[in-house]
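For the sequence shown, position 79 (counting from the first letter as 1) is numbered 76 according to the numbering used here, and the numbering increases by one without interruption.
Hints are not guaranteed to be accurate.
[Unchecked claim] Derived CB-CB ranges, DEER-like: (1) Gln176 / Asn153: 43 to 51 Å; (2) Glu117 / Gln56: 23 to 31 Å; (3) Ser219 / Gln56: 23 to 31 Å; (4) Val149 / Trp215: 22 to 30 Å; (5) Val83 / Ile32: 20 to 28 Å; (6) Pro229 / Thr249: 43 to 51 Å; (7) Glu112 / His146: 37 to 45 Å.
By construction, these hints were calculated from the structure, which means they are not laboratory data.
Predicted model only: the values in this text are computed from it and were never measured.
A virtual CB, placed ideally from N, CA and C, is assigned to each residue, including glycine.
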Amino acid sequence: MELTASSTMGVWDVDLQTGTNVWSASLFEILGYDIHPAGTATSAMWERCIHPDDREQVQIALEVARRTHTPYALNHRIIRADTGAVVWLNVGGRFLYDDTGMAARFVGIVCNVTEHQQAEEALRESRHFLASIVEAVPSLIYVYDMRTHQNVYTNNRLKHLFGYTAAEVAQVETDIIKQLLHPDDLENLEQWLEQIKNLRDDETFEVTYRMQHKDGSWRWVSGRDSVFKRLPDGQVWQVLGVLEDITERKQTEAHLQESIYRLQIASDAGHIGIYDYDLVNNRILW
């Protein structure tokens, strides 16, 4: 039997009664063996290449396929016989049975999917890295659905900022923003949402408002929203937002303004003049 395949794809045919293995030239290459002119190989050659950490799952998958008369399909690693390099394979095969129902042959195909597997691993690492950053930042990060008026994602800062868990917020059927927004800021909500609907992809909407903590206190927050997803017709579907708690800053500003106001009253009442002396330029500012 002549078996052919591409350099990244190999095929095999195993006679389970005689133990004869016939491989395509490309399968020899994938596994790191010298090509046998007749394609003759052994099951031991294949088994030696299976990565030690994957051998058990390979054996189990083969046994399940043989007993259930179902296709064999598995992604696993092999170690090349020549270089020792680890290669990822996508392996698919089928057992053929004789008249008595015994498995007589095992035929299949192997694809080298190392690059694809590495790309998937890199993607997983990238997503994990991004998730770690998102969970580590002190700000609340969320994705808000403009159609359902619900957050479809929030990082772990939600409870820290407002005292609510993501599960508690998810149970709220109505718009959580309307429930927690300060009454004086609520009247501006529709205007803000309209501005967000008209955002370009390169624009950010910034706004400062108050939200009520679970304990009843009011927290000042600074929000920045940008378009995350659009509907096919171009309308804004989901918004990516970042909320920063600026309550302490607002309180400091209020205390400073109060101090300035009190100082102004005192200076007016006592007929006291206040000046600044610029040492660098030798100037007095009244």
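Here is how each hint holds up against the structure:
Taking 43 to 51 Å as the suggested C-beta distance range, the pair Gln176 and Asn153 does not conform, at roughly 21 Å. Judged by the Cβ atoms, the range 23 to 31 Å given for Glu117 and Gln56 holds: they are separated by roughly 24 Å. Our hint of 23 to 31 Å for Ser219 and Gln56 is violated, since their Cβ atoms are close to 58 Å apart. The given range of 22 to 30 Å is respected by Val149 and Trp215, whose C-beta atoms sit roughly 26 Å from each other.
A beta carbon spacing of about 22 Å between Val83 and Ile32 agrees with the range 20 to 28 Å that was offered as a hint. Distance hint for Pro229 and Thr249: a CB-CB separation of about 47 Å, consistent with the stated range 43 to 51 Å. Taking 37 to 45 Å as the suggested C-beta distance range, the pair Glu112 and His146 conforms, at roughly 43 Å.
In terms of the numbered hints stated before, the structure departs from hints 1, 3, listed from lowest to highest.
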